[in-house]
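Participant: Mind assembling these two chains? They're in different frames, but the hints should get you there.
If you're matching them up, the sequences are chains R and E in order.
Plus 397 on top of the position in the first sequence (first one is 1) and you've got this note's numbering.
Mapping of the second sequence onto this note's numbering: position 23 corresponds to residue 7, and the numbering continues sequentially without gaps.
Hints were generated in silico from the structure; no laboratory data involved.
Remember, it's a predicted structure, so these values are computed and weren't measured experimentally.
There may be inaccurate statements among the hints.
Said to hold, decoys possible - Which bits of chain R does chain E cover? Going by a derived footprint, with three or more residues having C-beta under 8 Å, they are:
hint: 1; stretch: 632 to 642
hint: 2; stretch: 737 to 747
Stated by the list, open to error - Have a look at the derived ranges for each label pair, beta carbon to beta carbon:
hint: 3; chain 1: R; residue 1: G919; chain 2: E; residue 2: L64; range: 22 to 30 Å
hint: 4; chain 1: E; residue 1: I42; chain 2: R; residue 2: Q463; range: 52 to 60 Å
hint: 5; chain 1: R; residue 1: H582; chain 2: E; residue 2: L68; range: 55 to 63 Å
Ideal placement from N, C-alpha and C gives every residue a C-beta, glycine not left out.
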Amino acid sequence: MAGISTTLSAPLPNYLEAKPGILSWVTTTDHKRIALLYLGGMSFFFFFAMSLAVTFRLELLFPGMQFLSHDIYNRLLTLHGVVMIFLFIIPGIPAVFGNFFLPILIGAHDVAFPRLNLLSWYCYMAGAALAVVSILSGGGPDTGWTFYVPYSVKTGQNVFWPILAAFILGWSSILTGLNFVTTVHRLRDKAMGWFQMPLFVWSLYATGWVQIIATPVVGITLVMVLLERFFGIPIFDPARGGDPLLYEHLFWIYSHPAVYIMILPAMGVVSEIIPTFSRKHIFGYKFIAYSSVAIAAIGSLVWAHHMFTSGMSDIARIVFSFLTFLVAVPSAVKVFNWIATMYKGAIRLDPPMIWALMFIVLFSIGGLTGMIVASLSLDVHLHDTSFVVAHFHYTMFGGTAVIFIAALHYWWPKMFGRMYRVRPAKQAVWLFFIGFNMTYMPLFIAGAFGMPRRYADYLPEYTVFHQLSTIGSWVMVAALLLAFYNLVHSLFRGERAPEDPWGGATLEWRTPTPPPVLNFTGAPDLSRGPYEYPEDVAQ
Amino acid sequence: MTESQATMTAEPVHAADHVDHYDPLGAKIGMWLFLFTEVLLFGAMFIAFAVYLRQYRIEFMGGSRELDRYLGLLNTAVLLTSSLTMAFAVAAMARGQTRRAIGALAATLLFGAVFLVVKAREWGYKFSHGIYPQSETMLDRPVGEQVFYGLYFAMTGLHALHVIIGMAIIVSAAALILRRRIRPDRHIYLENTGLYWHLVDIIWIFLFPLFYLIG
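Same shape as in the complex, but just chain E (with noise of 0.2 Å):
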């Protein structure tokens, strides 16, 4: 069975001498498989958001308006974008469109970087301001606002973290496009890439309402 009968169909086909099947369909499904297990990872944390927001109602709210509601926004608009960017690189690389795909990738990957610059300033302001965990402009604080910002500096730096998942598994992608190991007929590895980082655009769209707004 040639390589290309082997990738028109969905059904998994199987080479007589070793295991090596494509099955865009089974990747997908693991692939959705591995983004409930990250849900439910951010799920964790969003519920101790909750818990800690009905206790600590009046030191949430505190909090929160110190945080610049207007950076939140910019970077919320620049992760949208870039899930837009994915969108086309994927949409591309199915169409033939090599070059467009590499070049939408591209975008997508500096729209990510921006937001780690915005997110990195951000940091580093409050951090010239004293407020990091333990300390002493913390340690005066209520221990609600203590709380706050510790949730804020843990689910904001993991969902940085993931931001920069992202960003390598987009190099990864587009390495494997120059040398033709993704290719219109073959590229699942593009579309789960493509579903990975519209998650980690999906949780900030969560993050940002929860620590930005509720002021």
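Pulled out of the complex, with its shape left as it was, chain R reads as follows (with noise of 0.2 Å):
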């Protein structure tokens, strides 16, 4: 493969402009044009999903029920759930990252399978439209986002179309996956080996193969609910002689990898940032690469660790304990491969690295706490409680999600071809750190107290921890509005961006910005490799 053997003299139209209206924009195989789809709609379900957890976290600012039921705040609850786990954190960097920049990456000019790319777009928007249709239905559900038996089985409330679209969402989620590894495997520029691919690459394949191994078991076993609901088929119900425990072993066989799919690939992009604002050769890289494969091998293996508390034998707990332990390792190869990397750098702090360098700080804090809440003996005390809830909005949120701003703001330059101001930029990572540890420090403590979790109402005693927090939670979102609207105002406002703002080393700042059509103007530059700067003074 010699990539395009014509060669032109004049510019070639870049992707936004190659085809103008809209129904070229919903008809597109361009990778680019999907992910550019991708992020209008998740941009959209995050911000209808984080009004939907200010609402009721307003609720929480005093004790008793000020203007919410208590049904209704079960199903803003669940929706909140639903939307940010489906329609956000799971196919967030993926979907919008992976999709623009895997081929550019590699050398290559579109993913290995266009149509079928754009096919998990529509699966994603049908299954956004059948979780949201879900509340506006009448008797939206009340479940929690696990859909747990038999409750999911019992409840007069509306958990169909739900769970239909889970399940549409995960055949989009699979479908990705099966394409970037496919991507990966046979779109490779010839000259690049496997060691010589970017991180972000080798984070991306690594979360394909846990997309192609995992998301189908929860399909299959959201449907044996949906069975049992309509048809009454006895699978899990115990009053039918079904087994409860099946359930949840069978959703977390899915769902706890699920969380590997939302933070790998924040891993990689991280892997991206680092070495680029610090002008360094990435510290290690066999080493992060090798660690995305072993957290999503031992990361399928850890599922049973949200069933401590629901009646497993002791010698499975001990085992899922150890394992869960166990993934701590590769985990901390990373930050520790981060830190090594900037040591001795040329560091810039400009917006994208500000971001990451929080994403460390936060998953720290996010990924000790899982360590405890991974031994038994607490576990058992903190099941349950707002510890949890903590616990996974520093990873998930703190992790996953400021991965997915800090990536907008490294690679916004290339998709658009603008540059945002950096000042505003700046400010809004600040602001975003205090009202992120505002909002959930307090839950730490409340939790570690006693709160339980997804309650509506609570004890006098905990007023001063959910008052903060909804403060907090005040802040947080004035920190994501003046973020998005930075980037925003910069598409019509902002300068034209050149084609290597950062001085990065990867193939996507060797292309016009924005890219053309078929990514690259001749055959992409590999002579240099991804984390080989002039400036860096060690090579």
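Facilitator: What follows is the structure, given as structure tokens:
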């Protein structure tokens, strides 16, 4: 494969201007345009789910019920979880930044199956529509995003739509994963070996495998819930001879690996941002690459740590606790390698870098509190308290969502050809840092004192924690609005971005901004490795 | 680069103006990954079966004895033969024998239809004896048997759905052959159709002994 054989003297039209019209966008098979379609959908659902959370957080400002009923509170909570998890965090980074940059980073013109890629987006939008319709249909689901049986079989609320939505979204996720794995195998430039791939590609590759392996299991499990609910086929309901614990196993066999679907691509993005802004070769390339695969592998074997209080045998609990501790090892390998990369680097604190540094802090807090809940004895106390809520918001929100925003700031100039203003972007980071910690740090403490999660009401002793948390949520929302306003503003008023605003070394920085339809103007230039910077004195 | 040159090589080839490349190995990798997800899809149900088989051993054996194992055996033979004709179709296409390929696909469709008819007869027979989820007859029975029949209807039903989808894909493959979109030098679509059909077959190979032969 020699890239495009024809050499053109006139500049190629960029992918944004190549074909005008809405129709050309919704029928496109260009991976870059599909990425933007995802970005549009995802931004909408992110703010939608965030506003749900702000609403029920406001309800928690005082003990007792203020303006929501218990039922509405449960439904808001469920929809917040379903939308954030299935529509934002799981597809987030792979669908947007993976789609846009995976082919470019390996010197390809597109993904292996471009039409399948578009189908994934339609699956995503169809699932999204169903999930949102479910709340508007009156009897919105109140089961929590986990759809635990027997309640999900018995509740009078509508669980059909959100479960169908999760099933369809699962297929969207599988098709994307399958597409990426095949792309890395088949379309990688001949001159690029496995260990010359950028680490973001490694993380997407590992994620693709987790998507393929884990998602079908939850898909069929949710179908079994529907079969039980609508045809009375006894599978999980204990009243009919079923085993609800089996549901929990099958659910978490997917849904725990799913958290690695969420976090692995984020770690990949960090492995791109840190060397670029440190002007230094990534430290321990192979360790980071293998640790992605190790996290994917070990992470598939830890699911039952969600069920320490569900009535499993002691041996099962000890094994799953041990495996959970084990998964911290490759995660820590990555954190140490990022820090070692920065050591003696020429660090530039541009907005993407500050977001990435904040990720390291927040994710470390999330990861280390994960070790606390992985301990059997402590988990009995902390299970189903707001400690767990704080833990997974530190990893998922402070981890994945923060890196989603970091990636937006890193690649925005390349994607849209416009540079945003740096000052407000930096202000947003610090405001977010304050708001985030104010929102979730009190929940750790309240949880350790016994505040249960998911409750619409609480005892007066917990008032101060909830009030701090609610006020923090306002600060955080202000920061997010500022960051997104600044980005959108740049589309209209921003200066034209240069080809390589950050001095990055990967292939996307050596193609025009925004990229042409087939990504490169000639054969991709692979003379330089992905982390070789001219300023790097260590080389 | 001409079409035929592009198809001779196993390497992905890009046309200059749009990204339409023919990469049979890539397509096959994608198909295998997809089949892998299908195996896992059924895998979750097999796990459920294994758990309840251990819990309700006697009831499962009793339920199994009530199924007609001769019809099950017949269907196994029908489906295995259909896999053979499917393989004939792919082999014929690769050698350029288009008419034979179409004939073999038609035979595969016929066997698929026979399988579905036999399956429908079995289900209908059970229904007529009041054996279906939540029926009065069913609710009078021990819970273990209710679970057995629940899984029986769910798993053979899902499998039958896959047979129907597989037949639809075979029809589409036949149409593509007639329109010369599938050609001897460009027949990965047919090969992937075959892979899907064999998967449907293999799943039945596991369903048959688990439901019909444990009694």
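Participant: Check each numbered hint against the structure and report the violated ones by number, ascending.
Facilitator: 2, 3 and 5
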